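**Q** Chains as they are written, first to last, in our numbering: chain F, 1 to 169; chain R, 1 to 787; chain P, 1 to 291.
Among the hints, a few may not be true.
Going by beta-carbon spacing under 8 Å, a handful of chain R positions derived as facing chain F [stated by the list, open to error]:
1) Q31
2) D39
3) I694
4) V700
Pairwise CB distance ranges, derived in the manner of DEER restraints [said to hold, decoys possible]:
5) P:T259 x R:R59: 54 to 60 Å
6) P:G43 x R:P654: 44 to 50 Å
7) F:G10 x R:G44: 30 to 36 Å
8) R:D137 x P:A50: 49 to 55 Å
9) R:R59 x P:S7: 18 to 24 Å
10) F:G10 x P:E19: 33 to 39 Å
11) R:R59 x F:P16: 45 to 51 Å
12) F:D54 x P:T137: 43 to 49 Å
13) F:R7 x P:G38: 25 to 31 Å
14) P:G38 x R:T427: 55 to 61 Å
15) F:G33 x R:T427: 41 to 47 Å
16) P:A198 x R:G744: 39 to 45 Å
17) P:V147 x F:D72: 35 to 41 Å
Stretch-level coverage of chain R by chain F, calculated; a stretch enters the list once three of its residues show a Cβ under 8 Å from a Cβ in chain F [what the hints assert, rightly or not]:
18) 192-205
19) 422-431
20) 663-672
If you're looking for bench data, these hints aren't it; they were derived computationally from the structure.
Since the structure is predicted, the reported quantities are computational estimates derived from the model, not experimental observations.
We put the beta carbon where it would ideally sit given N, CA and C, even for glycine.
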Amino acid sequence: MTAFTLRVNGDEHAVPDAWDGESLLYVLRERLGLPGAKNACEQGECGSCSVLVDGALVCSCLVLAAGVADHDVTTVEGLVVDGVLSDVQQAFVDAGAVQCGFCTPGLVMTVTDLLARDGEPDDLEVREALAGNLCRCTGYGRVLEAVRTTIRRRRGDEVAVPVPAPVTR
Amino acid sequence: MSPTVTGTGRRAGRGRVGDSAPRPDGIPKVQGQFAFGSDLFAAGMLWGHTLRAPHPSARIVALDTTAASTMAGVHAVLTADDVPGDLLYGLEVRDQPVLARDVVRYVGEPIAVVAADHPEIARRACAAITVRYDELDPLVDPELAADASTPAIHPDGNVVRRLTIRHGDLGATGDVTVEGAYEVGMQDQAPLGTEAGLAIPGDAGVELFVPTQSLHGDRSQIAACLGLPEEAVHITLAGVGGAFGAREDVSLQVHLCLLALRTGRPVKMVYDREESFYGHVHRHPARLWYRHHADRDGRIVKVEARLLLDGGAYTSSSPAVIANASCFAAGPYLVPNAHIDGWVVRTNNPPCGAMRGFGAVQTCFAHEAQMDRLAEALAMDPIDLRLRNALAPGDRLMTGQVITGTAPVAEVIRACAELPLPEPDPTEADDWRARPGGVGRTTDPGDLRRGVGFAVGFKNIAFSEGFDDYSTARVDLSDGIATVTCACAEVGQGFVTLAQQITREVLGIDDVVLAPADTSIGSAGSTSASRQTWVSGGAVLAAAEAVRDQLLAHVARTRGTPTDHLAIDDGRIRATDGSVDVGIVEAGAGVAFTATVEYHHAPTTELDEDGQGDAHLSFAFAAHRAVVDVDPELGLVRLVDLATAQDVGRVINPLQLRGQLEGGAAQGVGLALMEEIIVEGGLVRNPSFTDYLIPTVLDVPDLRIAALIEQPEPGAPFGAKGVGEPPTISSGAAVAAAVGAAVGCPVSRIPVRPQDLTTDAPAAPAGRAPCLVRGCSGSCTIGPATQ
Amino acid sequence: MPVVVPSNLREALAVLATEPDAVPIAGGTDLMVAINAGRHPVGTVVGVGALPELRGWRRDGDDLVLGAALTYRELADPVLASGCPALAQAARTVGSPQIRNAGTIGGNLATASPAGDALPVLVALDATVELASTRGTRAVSVTDYLVGPKRTDAERDELVVAVRIPLSDSRQEFLKVGTRNAMVIAVASVAAVVDLDARHVRLAMGSVGPTVLRAHDAEAFASDAIDWDRGAQLDPAALPTLGALVADAARPIDDHRSTASYRRRCVGVLATRALRRLCVAPPAAGAGLAA
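Here chain F stands alone, though its shape is the one from the complex (with noise of 0.2 Å):
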């Protein structure tokens, strides 16, 4: 048993009693309540748990939890702001990227990464960028467009329609 403090979306998370061989991913999920990050494989193969640490993306599920205390970790849930979804998010909304959202997630973190890198990426480097994260059900043809539309509407050749918000009960 172990216990260390996680640095999550700027938040601090105290990690009392956790096995030591607990991954970051697991801890994320059943431990701080942030189940954003997906549990897909579980050996790198496929990009659903992806995460940045310390401005680095990575797998989560191959991240020794314990041994990230003090490092900086940000999860999906890290970048909506005010309630307002980033504009990668919005992207991947509007693209119609989202099937059924199991691997959303972690291409969503890639896309941030990617593009906060390099801002006008070309096809053959988005999809290099994108090959760690693995997609069954859109065959990657919407999430693309999702980074495309992203790359036009910062450049400011297009602007998001605001989009009503969904009525509930």
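Place chains R and P on chain F using the hints.
**A** Below, chains R and P without anything else, positioned relative to chain F:
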């Protein structure tokens, strides 16, 4: 230049039928807030785990759970003896044990389940269960299984179904004959979300939250196994991380309920990826032998085929899969004479069942390869050959059914074939990533051969052979907000969006809320067979129309206007003479309107002993054209371009439809080039994403949609056909054909492996193929007359 | 399975010395897969990925010294790549961006998989592995360090701290075959170094033996056939023989990923193409390109 206005707002229109309405769960999904089965939590919950058999065939000699039961933190250890109701479940035939008793028939078969405080404890407890097995020689050769003299591994015998189609004159022959033997490997659905669920025991039953394709299908099996009435099992759909057929069968549902009822605590179970590969059915591997006869003008005279599908250890949906494979074995062509012998057998290989395309995928690869060989034998253009034989409305299928709906086969073929081939992209000329081998730097531009391949395929929409196929939906309207309740399993395909669009269209309002999908309403049937747009869409449409009629009748009464003078128009109810013009909210104030409809589509019939019958509701057709670059020295392939045309009836949501075509095509590409569960001696060699490879974004180009043929299908709600499966049927066949064209030798097996393509690969089988049924005396009417 | 994250190398080595079952972890791309699958190390897991002594790279005379905790992404750094292009080429083929951000060259060496992507390059570069323990440091050639499949020459208390690569005027290529166009374990790979200073060719092969193999006969043949005085060019007519010699040196097996005969064919073709790119004028379109 002013920025383009795009985004959900404009393309989405008013969210009516025909608009690219945004899906209602998109925002929670991009935030990571959408609750999949693996995200569920209940206070006091325990974690379940399954002990699985390591052998494909064995007797269970001894089973000792003592060490596991007494482990700290373990709350229950259950075996077959703990199943209170029926031990056996199954989709078509109930032959699969909840937990194995006495005998193991496939590797990974569940033996026991455990509930514990922590998933790690549950895992260790399973490891502490001691089982003594008497290993048996597994039956792994489907040809052996088809032989009546092979001992049965199951009380019902080894042949699950043999379906024969005899159509026209079986003695007819053609001027030209081509024969071929083909093989399709075992594909896996590989949904990213693995099996998961949460069961919560109640006073009189159990509540289950599970990602599944069929809530009511699950419920009837679960209740029978628990020895409870169906009403005591309440199922709510948890978020589904993809399905593609993997969730049609029960996997962990009964296990979870058993553990919850035994412990009195909520129990959650999540499979890891390896267990998921063992824990669901796969696509049937197939061996297919064909002989096509045609006249000199290229008209098909007769098709003979023997199809042998390996169903693995339990029945699952094998009877329906072989029916599909057989009915559509010859492809979307007019076949005046046919003799199809379709077999699906049991072996000790992993169980097989539903996967997107359902039998038609395997035969499409074969029949399209046959058409290419026929074209070559006739010195005819392969597209012309297909057009010459293309089915049209009014034609009779080889199962005797006349096509009464739409069948734009020629249009689909032409549109796809006539799309200009891709122009070379100069920016990619020097880029490794645009060549086979990618950044592995294996291949220089001079090492490539380019090939083009074409395929067209079809299958049925909705269930067949007389199945009573229906769905139930309820629409409530109050204060101008409609609520739709339907147990249709949303697995990512976007039915939830269509339900809103249909309701908005009928009621002329914008605000449509979806109630959770659960078993408190009647069945919506399974999310499979590309049926939900038609059947559940039909139920929602009918319920919305009933509510609309109630609303109009109410206005008619209160305003003294005849009902038939009233119509809904964009949020208002207006009379034709202008005497009434009232907003819907005001018109319906204080009244709650509701309607529940059980929608059945037109009945189909069974197939008789000659495989004849009006067995199918409707058909959908699609074609693909693939362009590949192959490095023949290394056998590496890169898919350069993929184009398609599809018969869709009516486009309800353009953006979602595109997503189905793109996603389905990628799965066909995977089957052609890389996806195979490798089974040796009944053992699975590659139960991981490291070695079961699915396409990455570098493996599939943008799909070019040459045309969406919209010929409204009579009887279908909005004239729309289901679109999910056709993209997976002809895409793999087209890619395989393109690879064969590139290397100058037809591909007879998918997935094609690099070693199959290199010049020292064994020569393609020449001449006559051996009869597929082992022990055949040579007196069967198809297959070689002499050895 | 306790976890410790020492702040410097000395502390890390002390743990390894006192605990015989201690296991180092850097990027975790191999070890965490095992842990997640329930194969837990019995001893302490020692985090070494952030040890300052293992990070970074430097020039030391004619050598390039790479810290063991350099990630694959860092190995693709353009300055580093210009001195050692084959290593950057190999690093780019590893896994995915997520894996490349975490996985390290030290981990590739410590795991010593027959399919490790950096290993054929290091062998072809005549690199040396630097190992440290509380007893001191020692250097061993990569070839001697890689003993067998997942077995190395390292003692239980030794940690890979650096890799030393002798730089020379050379042309380099790394080629790797996989079944998919991204994210694959190598079915076969070849690293080729045409050393213009030493006038010698070195050819190393991955995934075709229990560990990385050198194709000595092929190297001798190529070294002899190359016209070193005239631009180090090779007559293309020599390529088939070269390929056959390389294929003969392979000792591949059949497994679920591929067949022995296909793997053997691959290394012959890959070596042929490498030398064609490096030594047959005009240079092929792909040689030396950054993309």
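**Q** Each of the hints needs a verdict: does it hold here or not?
**A** Verification of the hints:
With a least beta-carbon distance of about 6 Å to chain F, the hint placing Q31 of chain R at the interface is held under the 8 Å criterion. At its closest, the beta carbon of D39 of chain R sits 4 Å from a beta carbon of chain F; the interface hint therefore holds under the 8 Å criterion. Because the beta carbon of I694 of chain R sits about 6 Å from the nearest beta carbon in chain F, less than 8 Å, this interface hint is met. The interface hint given for V700 of chain R is met, as the beta carbon of that residue sits about 6 Å from the closest beta carbon of chain F, less than 8 Å.
For T259 of chain P paired with R59 of chain R, a C-beta distance near 35 Å fails the hint of 54 to 60 Å. Between G43 of chain P and P654 of chain R the C-beta distance comes to about 58 Å, which lies outside the given range of 44 to 50 Å. As the Cβ distance of G10 of chain F to G44 of chain R is approximately 32 Å, the hint placing it in 30 to 36 Å holds. With their beta carbons about 54 Å apart, D137 of chain R and A50 of chain P fall inside the hinted range of 49 to 55 Å.
For R59 of chain R and S7 of chain P, the hinted distance range of 18 to 24 Å is not satisfied, since their beta carbons lie about 58 Å from each other. At roughly 36 Å, the beta-carbon separation of G10 of chain F and E19 of chain P lies within the given 33 to 39 Å, and the hint holds. For the pair R59 of chain R and P16 of chain F, the supplied restraint of 45 to 51 Å holds, since their beta-carbon distance comes to about 48 Å. For D54 of chain F and T137 of chain P, the hinted distance range of 43 to 49 Å is not satisfied, since their beta carbons lie about 29 Å from each other.
The given range of 25 to 31 Å is respected by R7 of chain F and G38 of chain P, whose C-beta atoms sit roughly 29 Å from each other. For G38 of chain P and T427 of chain R, the hinted distance range of 55 to 61 Å is not satisfied, since their beta carbons lie about 47 Å from each other. Between G33 of chain F and T427 of chain R the C-beta distance comes to about 46 Å, which sits within the given range of 41 to 47 Å. In this structure, A198 of chain P and G744 of chain R meet the distance hint of 39 to 45 Å, their C-beta atoms being roughly 43 Å apart.
For the hinted restraint 35 to 41 Å between V147 of chain P and D72 of chain F, the CB-CB distance of approximately 40 Å keeps it satisfied. For the region 192-205 of chain R, the stated coverage by chain F is satisfied: 3 residues place a CB nearer than 8 Å to a CB of that chain, which reaches the threshold of 3. Check on the region 422-431 of chain R: 3 of its residues sit with their Cβ under 8 Å from a Cβ of chain F, so the three-residue criterion for coverage holds. With 5 residues bearing a CB less than 8 Å from a CB of chain F, the region 663-672 of chain R meets the requirement of three and the coverage assertion stands.
The structure does not agree with the numbered hints 5, 6, 9, 12 and 14 stated previously, though it agrees with the rest.
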